[in-house]
Amino acid sequence: MDTAALLMLIYVLVLASFLGFELISKVPPTLHTPLMSGSNAISGITIVGALIATNEMGFTTLSKWLGMFALVLATINVVGGYAVTDRMLKMFKKK
Amino acid sequence: MSSIVQVAYLVSSILFVMGIKFLGKTKDARRGNFLSAIGMLIAVVATLVTLDILTFVEIFACILVGGAIGLYYAKKVEMTQIPEMVALFNGFGGIASLAVALSDHFLKTEVLQVEIDTVNSVSIIASVLIGGVTFTGSMVAWMKLNGKISGQPIMFTGQHLLNLLLLVAFLGVAVMTYLFQIEPIYITILVVIALLVGVLIVIPIGGADMPVVISLLNSYSGMAACATGFILNNNVLIVAGSLVGASGIILTQIMCKAMNRSLMNVLLGGFGQTVAAGPQDGPQIVIKEVGVEEAAMLFDSASSVIVVPGYGMAVAQAQHVIRELMEQCEKRNIDFRFAIHPVAGRMPGHMNVLLAEANISYDKLIEMEAINDDFSNTDLVFVVGANDVVNPAARTNPQSPIYGMPILNADKARTVIVSKRSMGKGYAGIENELFGYPNCLMLFGDAKQTITKVVGEMKEMA
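The listed protein sequences correspond, in order, to chains A and B.
For the first sequence, the UniProt record's numbering gives the first residue as 1, with consecutive numbering after it.
For the second sequence, the UniProt record's numbering gives the first residue as 1, with consecutive numbering after it.
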């Protein structure tokens with residue numbers, strides 16, 4: 001990776017972190033559990049990496065198996081995380 | 001990679017940001033989560049477009065298996081078990097990042113046989129470390145939360161020294177991994193060390209501190225995704241990962257502040273062990289009991305009630321009967337609210353979810369800063385399954401281990417009723433001065449049973 005590409009990634013990292021701090025400090029304490037399970041689902045974004053790793057042809061390489069292993073677990077993380085967050089948020093009602 | 005895919009990743013990133021922004025308002029929160037899920041779907045579809053169609057069979061098989069397990073678990077999990085579930089899923093995210101990093105390493109060294117450049121190598125090593133620590137750390141937290149192992153801190157001499165030595169060893173082997181990429185032994189050792197460190201940093205931390213630990217591990221799982229983003233040169237992983245990283249750090253800080261502890265103090269562990277020798281020689285606390293009938297009369301004659309719920313309430317499954325109590329009070333035009341301490345429950349915001357499940361309107365759930373001044377002009381405070389968060393020793397007794405922790409001013413109310421199974425101690429294992437106060441009455445018995453009786457009495461009165 002050349003320096004310019006690396007710098008670009010660092011730019012994204014730094015700015016997204018600042019944005020994250022700003023947004024998340026505005027989430028009310030009432031919603032901290034759904035925030036955590038929802039952000040937990042977002043961290044399952046590593047599923048993108050798992051997909052790319054699984055893309056290897058044939059089943060002869062260790063890379064492919066590691067990718068499939070990652071894909072199953074990341075999918076549990078993503079699907080389960082979003083589903084349980086939705087289940088919780090559905091319960092928050094105002095009368 | 002085609003620019004259409006890049007644009008799709010940008011859209012995903014925007015949806016993640018919007019999703020979290022919508023979580024800022026309770027009424028929009030569900031839509032926010034939905035947007036975030038759409039963002040994830042777009043990222044997955046965009047990635048699939050770049051892949052070889054011949055591998056789709058195994059890809060969909062994996063997604064089907066993972067999706068079914070995730071969906072099943074999300075549907076059947078009890079609300080009291082959410083902290084365990086989050087811990088488990090954090091661990092899965094962590095190990096997935098580790099596996100992706102390893103996969104990339106072996107792809108380059110064994111299949112493509114190319115040299116891994118410095119940036120890539122550092123990213124792979126970081127992903128292995130953070131992902132591995134997140135995985136085993138989360139598994140230990142998960143087992144502590146669901147009682148598979150004891151919640152007691154596990155300490156031994158030289159623990160911190162061992163952790164330090166392992167980190168030094170990790171750095172040493174990391175250099176070897178970079179220099180001798182073709183040798184698989186070095187990266188294997190790195191994985192083992194990372195997994196070991198995860199176990200070692202969580203075992204000394206007691207069950208009461210798990211809210212801090214899962215917040216922190218949540219942050220780590222985001223950072224692991226970030227590191228993976230650097231490996232794959234992929235912005236959407238970095239954006240999503242840093243949002244989660246930031247979220248976990250903020251929640252960790254909030255939890256620490258609510259317990260008046262530094263993060264260092266929590267991480268070094270052992271809290272609640274040295275306490276037992278403390279204030280036992282103090283004066284014996286003289287308590288006054290109250291019966292169900294009298295308690296019902298106190299509720300009946302009050303004009304304002306604040307309930308202070310603790311995790312004990314959820315353990316006794318008393319939240320539904322408390323809603324009935326609330327309905328009885330509201331029939332009498334009694335102002336009825338809940339005071340939520342930031343560490344009530346077993347993870348940030350947990351108590352709100354437990355009460356929302358019992359169909360209690362969220363505008364009745366008031367956070368500590370907003371309600372603490374109202375206690376002094378409240379007729380009746382009802383403490384259910386909470387202890388340390390209403391212990392005035394936090395204000396008055398510098399010797400107390402919880403001294404300085406922000407508490408709910410329950411003791412300032414005209415009358416306090418404490419529903420408690422017996423005279424046992426709180427999580428921190430210390431005596432609660434409040435129970436001896438002249439305005440405090442103890443309502444002994446299982447919370448669900450006694451409150452059911454109180455509600456029954458009130459129904460007869462009406």
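Incorrect hints may appear among the rest.
[As the list claims (entries may be wrong)] The list that follows gives simulated cross-link-like pairs (lysine to any residue, SDA-like), each with its CA atoms no further than 20 Å apart:
no. : chain 1 : residue 1 : chain 2 : residue 2
1   : B       : K288      : B       : D446
2   : B       : K108      : A       : F59
3   : B       : K453      : B       : M264
4   : A       : K95       : B       : R332
5   : A       : K93       : B       : E78
6   : A       : K95       : B       : K108
7   : A       : K93       : B       : N359
[What the hints assert, rightly or not] Pulled a few chain B residues facing chain A out of the computed Cβ check, cut under 7 Å:
no. : residue
8   : N33
9   : L35
10  : H350
11  : A356
The hints are simulated quantities; they were obtained by calculation from the structure and are not laboratory data.
This one's a predicted model, so the numbers in the text were calculated from it and none came from an experiment.
Note that beta-carbon positions come from the ideal geometry of N, C-alpha and C, so glycine has one too.
Hints, verified against the model:
1. B:K288 - B:D446: 18 Å, holds
2. B:K108 - A:F59: 16 Å, holds
3. B:K453 - B:M264: Measuring from Cα to Cα gives roughly 46 Å; hence the hint is violated.
4. A:K95 - B:R332: Holds, because 17 Å separates the two Cα atoms, which is no more than 20 Å.
5. A:K93 - B:E78: Within the cut-off at roughly 19 Å; holds.
6. A:K95 - B:K108: Answer violated: A:K95 to B:K108 is near 58 Å, above 20 Å.
7. A:K93 - B:N359: Holds. A:K93 to B:N359 sits at ~7 Å (cutoff 20 Å).
8. N33: Since the shortest Cβ distance to chain A is 5 Å, the answer is holds.
9. L35: Violated: closest Cβ of chain A sits about 11 Å from B:L35, beyond 7 Å.
10. H350: Result: holds, 5 Å to nearest chain A Cβ.
11. A356: Nearest chain A Cβ about 4 Å off; hint holds.
Hint check: violations occur at hints 3, 6, 9; the rest are consistent with the structure.
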